[in-house]
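Trainee: Sequence:
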Amino acid sequence: MDFKEFKDLVKNTRTTRRFKKNISIFNKDLEEIIDTARVVSSAMNKQPLKYIIVTKKKLVEKLSSSSKWASHLENWTQSKDEQPSAYIIVLNDSSIDGYSMLDCGIALNTIMLGLKLKGFASCPLGSIDKELCKNLFSLSKNLEPILGIAVGIENETVKLVDLKKDTNYYRDENDTHCVPKRVLKDILIKKYN
2 MDFKEFKDLV KNTRTTRRFK KNISIFNKDL EEIIDTARVV SSAMNKQPLK YIIVTKKKLV
62 EKLSSSSKWA SHLENWTQSK DEQPSAYIIV LNDSSIDGYS MLDCGIALNT IMLGLKLKGF
122 ASCPLGSIDK ELCKNLFSLS KNLEPILGIA VGIENETVKL VDLKKDTNYY RDENDTHCVP
182 KRVLKDILIK KYN
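Under this note's numbering, think of the first position of the sequence shown as 2, with each following residue one higher.
Calculated from the structure, these hints are not laboratory results.
Where hints are given, some of them may not hold.
To be verified - DSBU-like mimics (lysine-lysine), calculated; alpha carbons at most 35 Å apart, straight line:
1. K57 to K160
2. K22 to K12
3. K182 to K47
4. K22 to K81
5. K135 to K165
6. K22 to K5
7. K192 to K5
8. K131 to K142
9. K57 to K131
10. K165 to K117
11. K192 to K131
12. K12 to K165
Said to hold, decoys possible - Simulated restraints, written as ranges between beta carbons of each label pair:
13. S67 to F7: 12 to 22 Å
14. N194 to S67: 48 to 58 Å
15. F7 to K192: 18 to 28 Å
Note that the coordinates shown come from a computational prediction; the quantities given were computed from them, not determined experimentally.
Quick reminder that beta carbons are idealized off the backbone N, C-alpha and C, glycines included.
Make the full structure from the sequences, and use the hints.
Mentor: Structure follows, in structure tokens:
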């Protein structure tokens, strides 16, 4: 993969909130992605993250219906037919004194890029019901849910647009999900040559 292909992969790995229904996702694919996330950088190499794979339909439905989707879109809810096919739950193991939020960001990006390469779409959900996860999966006290990653096949169009007014994503007149991004000149503040 050259840099242009990598940049295209990053640009096309967008958060998806509408998924195609009745898609089977195999544990093997998700395990392979988690195995890749397992070897990414970790602050002080502490590796406090743990994972749960959820493909059981009833559990996926419970997780989906209890999560808040698209908080910037007024009056938008995900219909049952748009729910993902699987979840990856990211956990912090508090018995390991690490930097779980930093590690979670690194792992999340790796997982989302890996899912895209395998033809899947994803949506990280900090709004996942953490108490529900603790109960559904009988988690020990040291395992704290950080976020859920919804996984499926995308059933919507998402595009990047240059930031004009604010960073809130929105739907245009064609129901395309538009994601405003700051332009390079606004984030690269100095160069020392």
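Trainee: The structure should be examined with respect to each hint, and the outcome stated for every one.
Mentor: Tested hints:
Distance restraint check for K57 and K160: the Cα-Cα separation of roughly 31 Å lies within the 35 Å cut-off, and the hinted pair is therefore satisfied. In summary, the hint linking K22 to K12 is supported, as the alpha carbons are separated by about 25 Å, within the 35 Å threshold. Restraint check: the Cα-Cα separation between K182 and K47 comes to about 33 Å, which is no more than 35 Å; the hinted pair holds. With a C-alpha separation of about 9 Å, the suggested pair K22 and K81 falls inside the 35 Å cut-off, and the hint holds.
The straight-line distance between the Cα atoms of K135 and K165 is roughly 41 Å, outside the 35 Å bound, and the hint therefore fails. Among the hinted pairs, K22 with K5 is consistent with the structure: their alpha-carbon atoms are about 32 Å apart, no more than 35 Å. Distance hint between K192 and K5 is fulfilled; the C-alpha atoms sit about 23 Å from each other, no more than 35 Å. Under the criterion of a C-alpha separation no larger than 35 Å, the hint pairing K131 with K142 is consistent with the structure, at around 12 Å.
Under the criterion of a C-alpha separation no larger than 35 Å, the hint pairing K57 with K131 is consistent with the structure, at around 18 Å. At roughly 28 Å between alpha-carbon atoms, K165 and K117 fall within 35 Å of each other, so this suggested pair holds. Restraint check for K192 and K131: not satisfied, since their Cα atoms lie roughly 43 Å apart, outside the 35 Å limit. A distance of roughly 19 Å separates the Cα atoms of K12 and K165; the hinted pair therefore holds under the 35 Å criterion.
Judged by the Cβ atoms, the range 12 to 22 Å given for S67 and F7 is violated: they are separated by roughly 35 Å. In this structure the hint that N194 and S67 lie 48 to 58 Å apart at CB holds, the actual value being about 52 Å. Between F7 and K192 the CB atoms are about 22 Å apart, so this pair conforms to the stated range of 18 to 28 Å.
The structure shown violates the earlier hints numbered 5, 11 and 13.
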